[in-house]
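Asks: Read off the chains here:
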Amino acid sequence: MLWAVATLTFFAVRLIPGDPAEAILGGPGSQTSPEALAAVRAEYGLDQPVLVQYLQQLLRLATGDLGRSYALNTDVAPLVLEQLGGTLTLAALALAVGWVLALALATWSTRRGTVARAIGSGLEIVAAALPHFWLATALILLFSIWLGVLPPISTASPAGLVLPVLTLAIPLAGFLGQIMREALFTALESPFVLSARARGESERGVIWIHALRHAALPAISLSGWAFASLVSGAVVVETVFARPGLGRTLLNAVTVRDVPVVVGVVLVAALAYMAMTLVTDFASRIADPRLRAS
Amino acid sequence: MTDFEIQARVSLAEGDRSRIPPRARISVAEGATIAVTAFLLVAAVAPALVAPGDPFAIDPLSAFQAPSIDHGFGTDESGRDVYTRVVHGTRNSLTIGAAATAIGLGFGILLGTIAGMLGRVVDFTVNRFLEVLFAFPGLLLALLFILIFGPGVATAIVAVGLSTAPGYARIIRGQLISVRSSAFVEAATVQGLTRRRILARHILPNTLAPLFVLGTLGIGQAIVWASALSYLGLGAEPPAAEWGAMLAAGRTYLTTAWWLSFFPGLFIVLTAVCATAIGRSIERRVRHA
Chain A
35 MLWAVATLTF FAVRLIPGDP AEAILGGPGS QTSPEALAAV RAEYGLDQPV LVQYLQQLLR
95 LATGDLGRSY ALNTDVAPLV LEQLGGTLTL AALALAVGWV LALALATWST RRGTVARAIG
155 SGLEIVAAAL PHFWLATALI LLFSIWLGVL PPISTASPAG LVLPVLTLAI PLAGFLGQIM
215 REALFTALES PFVLSARARG ESERGVIWIH ALRHAALPAI SLSGWAFASL VSGAVVVETV
275 FARPGLGRTL LNAVTVRDVP VVVGVVLVAA LAYMAMTLVT DFASRIADPR LRAS
Chain B
33 MTDFEIQARV SLAEGDRSRI PPRARISVAE GATIAVTAFL LVAAVAPALV APGDPFAIDP
93 LSAFQAPSID HGFGTDESGR DVYTRVVHGT RNSLTIGAAA TAIGLGFGIL LGTIAGMLGR
153 VVDFTVNRFL EVLFAFPGLL LALLFILIFG PGVATAIVAV GLSTAPGYAR IIRGQLISVR
213 SSAFVEAATV QGLTRRRILA RHILPNTLAP LFVLGTLGIG QAIVWASALS YLGLGAEPPA
273 AEWGAMLAAG RTYLTTAWWL SFFPGLFIVL TAVCATAIGR SIERRVRHA
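Same order as they appear, the protein sequences are chains A and B.
In short: position in the first sequence from 1, add 34, done, that's the numbering used here.
In short: position in the second sequence from 1, add 32, done, that's the numbering used here.
Derived from the structure by calculation, the hints contain no laboratory data.
None of the hints are false.
Covered stretches of chain B, as calculated for chain A (at least 3 residues, CB under 8 Å):
1. 162-172
2. 246-259
3. 287-299
Values in this document were obtained by computation on a predicted structure and should not be read as measured data.
For each residue, glycine too, the CB sits at the ideal point set by N, CA and C.
Bound-form chain A, shown alone:
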């Protein structure tokens, strides 16, 4: 899988018009001598045939070497590792907060009449439609400029994390909530809930002990994808809150067309997606005994 991602990105990057050696030396406009170009080609291995370059890249990736940045003249792997922690913290917190919000909304609004249900699903649709960049702006406006309680720039302090996490968590909660509500609704109509009720289980017990396990399953299996898309959301959020991290590194690299950095970040994001898929498979097994039996 990782091999496929690496191959795809390698050949996609070959499609870039222009000479990569020129890009390293400052773009097509710069006056570069043929000797300098040849030196750069030799340094980055660009004078080799494509197949050799491809195999070399795979070999380097296998040893954890992501190559050298065109623009920053540093190795990509340490750069990415350095930024990874901040983004992972952000994404993990956002996932947790998103789950709590979605759970609260879905359990609150089911079994509370049609009005509550309409409010719940309306809130979810609006939340899921909120673009990160606008929500971030609105939150800064409200909490930093008008109320003055939270910093508009995300620093290392916990207070600086609140707004970025909320920005990522609210749309995620809308998305997860829609899925959870539908599943919860289905679960509450099934025979096992009827039998739980017949045994005299309280309404709260029916929802939290019996139905929720079923309702959570589709949301759990989508969480892997959701986590990885949080990394993509981090591109916007880290830019707005001037927070160092993978997303901002990626955006800067795309803007100056720093190919090795972009490829490195994309590979790490793909790796995060695969790791999260494993985690969600495991979580599904815990939540659903039927998966364990088979």
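Given the coordinates of chain A, assemble chain B onto it according to the supplied hints.
Replies: Using the frame of chain A, we list chain B on its own:
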């Protein structure tokens, strides 16, 4: 439509247990959605009808005015009326969203049909390919595309379209497979119809019918992503009246003039909400009709 087909559609509506009577009356929320959508469509087709001014008319003396009766959404750094600019930006933003969705659906249909119709080996290959694409969630695929072809409106459209394609392809493939193995296709086969006729008259229409809903839901998402790219400086550029670009330009003045970024964003949200709400209510009605 034969009874078989109706039965098949009902069985396709997996997991839905909501008790909505067929031909339910239009609810308050649906009415509001229709009204806002109508306004947005008028703004896109004939912006002068709802905002008579010139979106590029500069009036430096009245720069940075807060929302008032004269300027409903306030004025920007050059004294341009924000309401006029937002309304005139509707066509740009809707066109970008619709074009990106069309590209995404096009690729999705192509990949999904290939996977669903051409046998197991092709299906396996296309599926692996889709899985690889799923490892680039959200904007990552779009950013990779922009890295290769450079920023700009056209690349942003194609980039957003391509990033949505894997999702469509997967849904279409699933739909195709479930329609192919449904009772009415078996009935048609038993009746001795040719394969081509079964495909053209029975399988494809039933596979492609839900696409209208998917497309409606997708336009909202596409507009949000395309304006995110503009916001990041990789799509439409600031003097253009495009919502994402306007919001990005207003960010500089956030502390003094919040209305510059608030209202373009509000329109993005309104559009996305309307697209989702309309898509969902059509979906419900189709399921229960």
